[in-house]
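Participant: Chain by chain, the residues run as shown.
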Amino acid sequence: MQPKLSLLDNALIERILEEAYQLMLKPGIKVQNAEARRLLAEAGAQVDEETQVVRIPEQITVKALETVPRVFHLYDYEGNPKVQYGGDAVHFDPGSSGISVLIPETLEHKTAETEDLLHIIKVAESLPQYDAQSTAVVCHDVPKDIHDLYRLYLVMLYSKKPIVTGAFSNQTVNAMIDMLAIFAGGRDNLRTKPRAIFDACPSPPLIWSNFGAGQLIELAKAGVPAEIVSMPLAGAAAPVTLLGAVTQHAAECLSGITIHQLAHAGSPIVWGGAPAIFEMRKGGTPYGAIETAMIDSSYAQVGKALGLPTHTYLGATDTKVLDMQAGMDSTMGFLVGALSGINMISGAGMLDSLLCQSPEKLVIDAEGIAMAQRMLKGMLIQSETLATEFFEGVNFKGGDFLKQKVTMQLFPKEQHMPTKIIDRDSIRGWKASGSLDTFERAKLQVKEILASYSRPVLDPHHEAELHAYVLNLAKQAGMEELPRLEKLKFA
Amino acid sequence: MSEEIEKLFKEMAQSIIDGDSDISTELAQKSIEMGVPPLDAITKGFVIGVNYIGDQFGAGEAFLPELVMAGEAMKAAVAILEPELLKLGSARETMGKVILATVEGDIHEIGKTLVGTMLSASGFEVTDMGVDQPADKIIGKALEIDAQLIGLSALLTTTMVRQREIIEELDKENLRPRIQVMVGGAPITRDWATKIKADGTSEDAVGAVALAKQLVGKA
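Residue numbers (the numbering used here), protein chains in the order written: chain S, 1 to 491; chain C, 1001 to 1219.
There's no promise every hint is true.
[Claimed, not checked] Computed footprint of chain S on chain C; a stretch qualifies when at least three of its residues, placed anywhere within it, have a C-beta under 8 angstroms from a C-beta of chain S: (1) 1148 to 1162; (2) 1165 to 1176.
[Said to hold, decoys possible] Distance ranges between label pairs, derived from CB positions: (3) S/E291 - C/V1161: 47 to 55 angstroms; (4) C/E1169 - S/E108: 29 to 37 angstroms; (5) S/Q409 - C/T1189: 49 to 57 angstroms; (6) C/P1065 - S/L488: 48 to 56 angstroms; (7) C/E1168 - S/E440: 39 to 47 angstroms; (8) S/S6 - C/G1060: 32 to 40 angstroms; (9) S/K475 - C/G1140: 56 to 64 angstroms.
If you are wondering where the hints come from, they were derived from the structure by calculation, not from laboratory data.
Ideal Cβ positions, reconstructed from N, Cα and C, are used throughout, including at glycine.
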C-alpha cells in the first residue's frame, strides 16, 4: 500500500472546485492571447475584447476535462517509457531555469554558463533518483534569443533521460519541438513517444498572458505534453489563506486546460504548479516553507480528484549554502511531494528560492529522494508470518538474525542503502575518513561522478543535424560559433 | 502648539501605523476643519507614522502587509490634504519625481508596486507605468514629466538585460545624470547594478526609499 498524505477531505475538494468555477465567471480570466480568446468565444465563453477578460462557463471546462489523457509517458532516447504522468507514480527531476550555480570552493553564486549546465546534466544523468533531466540553468555565454533552446540542445547531447523543459517565447517553442523531432525521427514519432514536457505558466492572479496561452496552444497543436505551472503567491498575488491559493490555482489550471484542449482535444497536459506563500519580511517566495508544501499537496489532491496527471515544485531551499536549512527544506519537500503521489516533483539542486543550482546539492538531494522513495514503498509484508518464523533456532542471542539467510535476502528490500553522502559511521571511522561534513562528502561525490561520466552514444547523424539546426539559430541571434563542447566534433 | 493639535498629530501617526485609511482620511478632514496647516498635518502627523513603520520594517518587527497598509493610509490622507495645499498656493515640496516600470517582456509587479507605495508615502511624486514597458516609452515619459529618477523592475533573468538597454539608451542621449536609474527585482544583485552602470539598487522597498532620497540629495 502506497502511503498517502491527504490534507483535504472530499467536501473541501468540492468547495475548492466550486469556487474555482465561480472565479472563472467572476472576475473571469484575463486572456491576453487573441487566438485563445477566439477559441474560448467559439466554445461559448463570454469575451470582452477591450479588457481581455473572458468568462468561462463550467460546462466548457468540464467538456475539456473529458478529453485530457489520464495517463501518458515520457520516453528516453531509446524510446522506453521512463516517466509516468498520471496515477500515483512519483518521479523527481532537478529544478530548472536557475541563473547561477553555487561554486563549492568559494560559495559564490556564479552566473551560469555552458560548463555549469554540463556538470548538472552529468550529475543528474548518473543518479538513478532522477528519472528525468531538466533544463536546469540558463547559460549566459550564449545570446538570450537562444537561451531556452540552447539548454535543451546540451541536455539532448549529454543525456538519454526524459526532459522537463520550457520555452521563453512563442517562437522558440516550435524550434525546440523541431529539435526533439530530429532525435525522434519526425514530429509524428515525437507525438507518439514524447521525450520532453514543456512548462506553460499563467500569471497570478488569473491571467493567461500572450506568452503563457501561446505556449498552451502551440504545445496542444504539436501534441507535445504541456505542464501548467501555476504559481499563486499566497498573500500577494493570491489570497493569503492556503485554501484561497489552492482555489486560485485550480481556476488558473482549469482555464489553461480549457484553452489547451480547445486548441487540440486530447493533447496531454499536466495539473502542475510552483505556488508559494509570500514571505512577509522580504517579499520573497519561500519554496522551502511548510505552508508552500501544504499548498502543493492540496492542489495535487484537487488535480487527482479530477483524474489528472500532476506536477509540483518541491525539494528546493531558500538558503544560500548547503547548510542544515537546505537539508530541512529539501527533504521535507521531497517527503510531502512523494506522499502526495505527485507524478513529477521538480526542485532538487536548487538554492536561493530557485535562483541557484548546485551539483553538490543534487547529490545530497538524491539521498533525501531515496529516503522518500523508501517511505513510498511503505511497510512491506515479505514473509509468511510477521515475526514468529524468524525465531526458529534463535536462542535469545542478539546476533542470531544476522546468520539467517532470509536476513541476507531481505535486508536490501527493507533498507535503502545510502551512499557515502549519509554518515552513519562511528566517530572513529568518521575521523579516519577525514572528518568530512555532508557538503565536503558531496564535493567528493560530484568529482567522482564527473570523472567517471561518459557521454551516451547517440546517432552521429542526428547529433550533426541538431548541431547544425542550433548553430543556424545562434547565427541568427548574432553568435558565429557555439561554445566548444569537450571532445565533441560535428561533421 | 495646543494640546488638541498635538493629540491630533499623534492620532494621525497612529492611523498610519495601524494602516487604517478610513481614520487617516477622517483625521485629515478634521485637521482642515480645525485650521491646521496641511503641510504640518503631513510632516508633523502622518509622516511620523510612515517613518515609524519603515524603521520597524527595517528592524524586522513589522511586515509587508503593515508596510503596504501604512502606505495606503498615507496616500488616502494626502489625497485629502493636497487640494488644500494647492488652494493655499503652497504645494507640498516633493522629494522628487520618479518613474517606475517593469521592463519589456516582464509582467511581475509586486515588488515595484511596493516600492511605489513607499516612495509616495515618503513624499516622492510617483508615476507607475505598470508592466511590460519598452525603453522608448519609459524614457519618453521621464522626459515628459521631467523625472529625476527612473526605477526599473525585472524579475526574470531573461528580462533583466533590458535594464542595461535602457541605461545605455539614456547614456546615448546624454540624459544622465539628469535622470538617474535605480534597478531592482529578485535576480538583481549589487554586482549587476554596478556592471550595467545603474545609479543604485536595493534589496527592499524601504531601502529603495533611502536610495532614492540619497540620489536626489535629500537623504
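Participant: Against this structure, judge whether each hint is valid.
Facilitator: Tested hints:
no. : hint                                 : verdict
1   : 1148 to 1162                         : holds (count 3)
2   : 1165 to 1176                         : violated (count 0)
3   : S/E291 - C/V1161: 47 to 55 angstroms : 33 angstroms, violated
4   : C/E1169 - S/E108: 29 to 37 angstroms : 31 angstroms, holds
5   : S/Q409 - C/T1189: 49 to 57 angstroms : 55 angstroms, holds
6   : C/P1065 - S/L488: 48 to 56 angstroms : 53 angstroms, holds
7   : C/E1168 - S/E440: 39 to 47 angstroms : 44 angstroms, holds
8   : S/S6 - C/G1060: 32 to 40 angstroms   : 36 angstroms, holds
9   : S/K475 - C/G1140: 56 to 64 angstroms : 34 angstroms, violated
Of the numbered hints listed earlier, those contradicted by the structure are 2, 3 and 9.
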